[in-house]
Amino acid sequence: MDERQKSAVSAAMAKVLVILYIGVVIVGVMKFVTNFRIVDCLWEMATAVAVPLLVLLFTHRRKRTVFPMSLAGLAISPDRTKEAKRGRVKAYLLDSLQFSLTMTAIQVVWAAWQALRANGMRLSVWSDVLRAIPQWLGDCGVCFIVFLALDTVLYEWKSRRYCRENQEYLI
Amino acid sequence: MKNKKMIMARLERDLSQAELAKAVGVSRQTIGLIESGDYNPTLKLCKAICVALGKTLDELFWEN
Chain A
1 MDERQKSAVS AAMAKVLVIL YIGVVIVGVM KFVTNFRIVD CLWEMATAVA VPLLVLLFTH
61 RRKRTVFPMS LAGLAISPDR TKEAKRGRVK AYLLDSLQFS LTMTAIQVVW AAWQALRANG
121 MRLSVWSDVL RAIPQWLGDC GVCFIVFLAL DTVLYEWKSR RYCRENQEYL I
Chain B
1 MKNKKMIMAR LERDLSQAEL AKAVGVSRQT IGLIESGDYN PTLKLCKAIC VALGKTLDEL
61 FWEN
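Taken in sequence, the protein lines are chains A and B.
For the first sequence, position 156 (counting from the first letter as 1) is numbered 156 according to the numbering used here, and the numbering increases by one without interruption.
For the second sequence, position 5 (counting from the first letter as 1) is numbered 5 according to the numbering used here, and the numbering increases by one without interruption.
There may be inaccurate statements among the hints.
[To be verified] Computed cross-link-like contacts, SDA-like style, restricted to lysine to any residue with a CA-CA straight-line distance of at most 25 Å:
id	chain 1	residue 1	chain 2	residue 2
1	B	LYS44	B	LYS55
2	B	LYS47	A	MET1
3	A	LYS6	B	ALA48
Hint data in this document are derived by calculation from the structure and do not stem from the laboratory.
In isolation and in its complexed conformation, chain B is listed as follows (with noise of 0.2 Å):
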């Protein structure tokens, strides 16, 4: 399942998948591996994802 809160929150700062991957340490694929629902991130890295964008971790990560 895509996580669309993380594309939305992504595209509110204005940030392309490589500046975001830039900004937490990883590649471009998997971020958009992340995005698409293809990749479950370590805590670690949903922590550094949110950080980036300002978010927090059930903003970006949780499903209701």
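The following block holds chain A by itself, in its conformation from the complex (with noise of 0.2 Å):
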């Protein structure tokens, strides 16, 4: 098999990994909704944490010197130039907005499921979501906080390591 062959192939088993990948999660999520049970989908569970790890592992052991890319998937320049670093910010903005709306989403829907499913669709707990709503604003704000300072040190790191490692392949 030649670099072109390898090149195809990889690129259709990580699309199958990638469907393979949601399937899990989706029947995990299935089976956790029906019966409410975590034991129901271990296996699931297991398998959506272990395979981003083994992903992680196997394209760190390649030990090639990649691009540091942004959550959204965009490549964040490592330079140390005042722009580059202006463009770092903003991708880490942009990170950690993505990152706390969609955990905002998740609580709201998740806070909103449980108490539709113990009380009924009543009004009375429609208001009690509205009143949560600074409640998850507040939340949002937090995590928005926590993961920029996390984004913006990993990120950093990464870079600072990318500029590194080029160096070395200078010499």
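Got two chains here, each in a separate frame; can you build the complex from them with the hints?
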């Protein structure tokens, strides 16, 4: 098998893995929503955690210098210039906003589902939901700040490492 | 875009796609796709093709 065939097979396998992964996550969520028992979806949860970890492990072992990418999949310039740093900060803010909004949306859907399941579709439940909005906004803000801090530390380290490795290759 | 320089270099050496493919250790289809511009080879394969055709990387793969 030559490099082109290997590349084609790798791309196809990656797509198959993504489809299987989504399938496993959907099956896990369905099992949990049906019975509300974590034990029933342990295998799905383990697979959902293990697959990204294994992908990370195997890509790390290739020891290739990978251009830093943001959570949204955008390339982050690792340069030490002010303009590049401004671009990185923008990417961190966007990442954090996406993450915190997604987490808040999951929290809202989950809380609404729990409340509706417990009490039925009553108006008082909706007023409870409306009352909880400031709490969710607060959680969203905290999530944004925590994720921004983590994202900044992680990606600044990644971009510095990228520059360092590039310097090594220049020798 | 077709890589005419590579096609010319191969024909100068009187090699078929299959013979060049065998010399560099890839399939004939891969050579065909490189020549038709539908596949970007790695630097490693580019170098192997250059060695097999007796040309430099600039001569075969640099577009002016």
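Hints and how they fare:
1. With a CA separation close to 14 Å, the supplied pair B:LYS44 and B:LYS55 stays within the 25 Å bound.
2. The hinted pair formed by B:LYS47 and A:MET1 meets the criterion: a straight-line CA distance of about 18 Å does not exceed 25 Å.
3. For the given pair, A:LYS6 sits about 18 Å from B:ALA48 by alpha-carbon distance, which is consistent with the 25 Å threshold.
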